[in-house]
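Chemist: This is what each chain is made of:
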Amino acid sequence: MSEQLKVKTMQEFMAEGKQPEILFWVGSAGSFDDRAKKISRAFVKLLNKANVDFAVLGTEESSTGDVAKRAGNEFLFQMQAMMNIELLNGYEIKRIVTCDPHSFNTLKNEYPSLGGNYDVLHHTQYLKELIDNGRLTITGDGYKGKRITFHDPCYLGRANSVFDAPRELLAKTNAELVEMKRHKKAALCCGAGGAQMFKEPEKGDMDVNVLRTKGALETNPNIIATGCPYCNTMMTDGIKAYEKEDSVTVLDVAEVLANSQGL
Amino acid sequence: MEYLPNIIFAVALILGIGFFARNVKKLSRNIKLGKDVDVSDNKSKRWKNMARIALGQTKMVVRPIAGIMHVIVYVGFIIINIEVLEIILDGLFGTHRLFSPLGSIYDFLIGSFEVLALLVIVAVVVFWIRRNIIRIQRFIKPEMKGWPKTDGNMILYIEFVLMILFLTMNAADFQLQQLGAEHYHEAGAFPVSQFIVPILDGLSESSLILVERTAWWLHILGILAFLNYLYYSKHLHILLAFPNTYYGKVKPQGQFNNLESVTKEVKLMMDPDADPYAAPAEQDTGEPEKFGASDVMDLNWVQLLNAYTCTECGRCTSECPANQTGKKLSPRKIMMDTRDRLEEVGKIMDANKGEFVSDGKQLLNDYITPEELWACTTCNACVQACPVSIDPLSIIVEMRRYLVMEQSAAPTELNNMMSNIENNGAPWPYNQMDRLNWVNE
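Residue numbers (UniProt numbering), protein chains in the order written: chain A, 1 to 263; chain B, 1 to 441.
Since the hints were derived computationally from the structure, they do not count as laboratory data. Don't take every hint at face value.
Unchecked claim - List time: in silico DSSO-like cross-link candidates among lysine-lysine, alpha-carbon distance up to 27 Å: (1) K43/B - K185/A; (2) K328/B - K214/A; (3) K361/B - K203/A; (4) K347/B - K361/B.
Owing to the predicted nature of the structure, the values given are computational and were not obtained by experimental measurement.
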């Protein structure tokens with residue numbers, strides 16, 4: 001369909017007797033959700049462009065268990081975590097990068113006490129590192145004059161205080177960044193967290209994603225950028241609720257960067 | 001007879017403080033009903049949090065109007081307590097304005113107390129208007145009906161009256177000083193109460209003494225009564241905010257605890273050398289540990305301290321995405337329910353010689369419904385909003401754990417999601433062997 005992405009699995013690295021620079025933790029959404037798969041692909045395009053020697057677990061990867069934990073199923077979470085830790089430790093993984101703030105949070109904060117100690121980064125942090133080290137350059141004015149508002153994913157922002165990396169990346173495209181009234185620590189949830197993504201909401205007078213999208217639309221954006229596959233789905237649905245699909249697009253920060261470079 | 005006032009005062013003081021101490025003991029017993037939790041880590045960070053959040057009020061001023069008003073009342077409360085110390089000593093020793101030999105420092109102190117008292121009156125009036133005239137959203141939510149509303153107003157009335165009494169006392173004293181009455185030597189500066197003096201104009205010396213003494217007694221008895229009101233009120237936060245911010249979460253907000261009891265079992269399940277038929281180890285013969293929380297005793301003591309610290313300001317609820325979109329969940333109600341249930345458990349213990357006897361009720365269902373618990377997005381907005389480091393989310397998660405692991409009572413869609421993870425390692429029903437297909441699509 002599109003040009004070939006260079007993606008190697010850990011098994012292949014092992015067979016060559018090599019270690020990758022980073023492990024890209026794709027996550028269940030990034031692997032299976034049609035919208036999120038595009039984010040995985042955009043991120044890989046950037047990794048390929050920067051010549052990063054990265055690996056994925058491929059068919060060996062399994063759910064982090066995060067969503068089970070938020071739902072209250074500590075058993076299932078710890079089963080998943082220990083299985084994953086056994087695999088990751090077996091491969092002697094040191095550094096993990098993921099596009100999913102929920103995987104990021106649990107791998108970074110909740111895996112260590114179960115025996116999984118890794119340097120875990122959100123993809124926006126890693127992309128910023130690549131740019132800072134001169135390995136990735138973002139040029140061109142493709143987004144000049146476009147208004148982008150960034151929706152902070154709860155598990156990236158409030159939960160782990162990562163606010164600047166995604167904004168700095170967006171600024172590289174020369175787009176005009178506009179902030180919603182509620183942003184950073186005060187950002188409103190998209191409504192997907194805490195396993196809500198997988199169930200109907202309780203009875204109320206509005207859906208959370210619609211309320212959040214309202215806040216985003218108040219900034220009059222061309223693009224709503226985010227850094228989470230679940231936020232992406234929720235905001236996209238919100239845009240549909242306001243029938244704004246024609247004028248506003250929801251994109252991951254990685255997609256904004258990849259697009260800006262014509263990747 | 002000469003020492004009668006001193007004796008009455010000492011008795012009132014002992015009764016007031018004694019009764020309060022009795023309630024503090026009860027409070028501490030109730031909090032200790034919670035499970036043990038290790039909070040010995042990060043000592044310096046914890047002290048810093050307490051200094052910054054409780055003493056420094058940093059999270060209060062996030063909302064500037066309420067924040068600044070609150071700082072005024074808070075500073076007023078602390079500083080005017082220096083005056084209360086003098087009043088107590090005067091009461092015990094029969095002296096009048098014991099600290100007055102401080103001279104100009106004393107004048108400055110009394111003067112600033114008066115200005116603060118006036119500011120407190122202004123702030124209290126503004127607070128009352130916000131609650132009763134403007135009716136700010138977060139003060140009129142369903143959980144605020146009845147006692148919580150009365151309680152909120154009562155505190156404002158008491159503070160208002162105490163400040164008026166303090167200023168009246170000073171005004172009468174000032175007038176008596178100017179008349180050269182016996183005992184009323186010139187001391188203090190009265191930048192505010194001097195404006196009350198004209199109202200007292202024309203009163204005889206004995207009437208003025210009556211006014212001054214009445215205001216003095218009512219003021220100090222009022223303070224003792226207020227001290228004892230705390231235990232029955234949301235106002236306990238003025239004391240508990242300090243320990244609560246110390247023991248508050250020091251880890252990233254997104255980090256939930258890993259249940260150790262579960263870790264033990266999962267390790268055993270995954271250990272290929274474990275003998276499934278082995279007799280349980282001796283220390284395991286007790287009742288198996290309950291997963292999650294259905295009642296207050298299943299929570300840890302910091303969560304119970306959280307419940308007593310909550311002053312029902314509702315900032316958590318007003319930031320909650322579920323509440324904002326009309327769902328039943330209100331993080332404030334989670335805290336109020338936890339406290340009310342804990343109080344109920346405490347009363348049952350009082351009535352049964354310190355033993356808890358089941359009353360057939362529990363925190364889950366009788367206070368907090370599953371509908372509330374399942375509406376949470378675990379976004380941490382409530383935790384972020386709390387000006388005194390309360391964590392309602394941790395209680396919600398603990399109760400979800402009980403629903404899921406002890407009762408298998410998750411919503412059907414969540415059960416499907418969880419069996420997908422069990423069967424194919426993803427929350428959706430996709431084959432694990434297809435995990436890399438995205439590369440070539």
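Chemist: Hints first: check each against the structure and report whether it holds.
Modeler: Here is what the structure says about each hint:
1. K43/B - K185/A: holds (25 Å)
2. K328/B - K214/A: holds (22 Å)
3. K361/B - K203/A: holds (26 Å)
4. K347/B - K361/B: The given pair, whose Cα atoms are some 13 Å apart, holds under the 27 Å limit.
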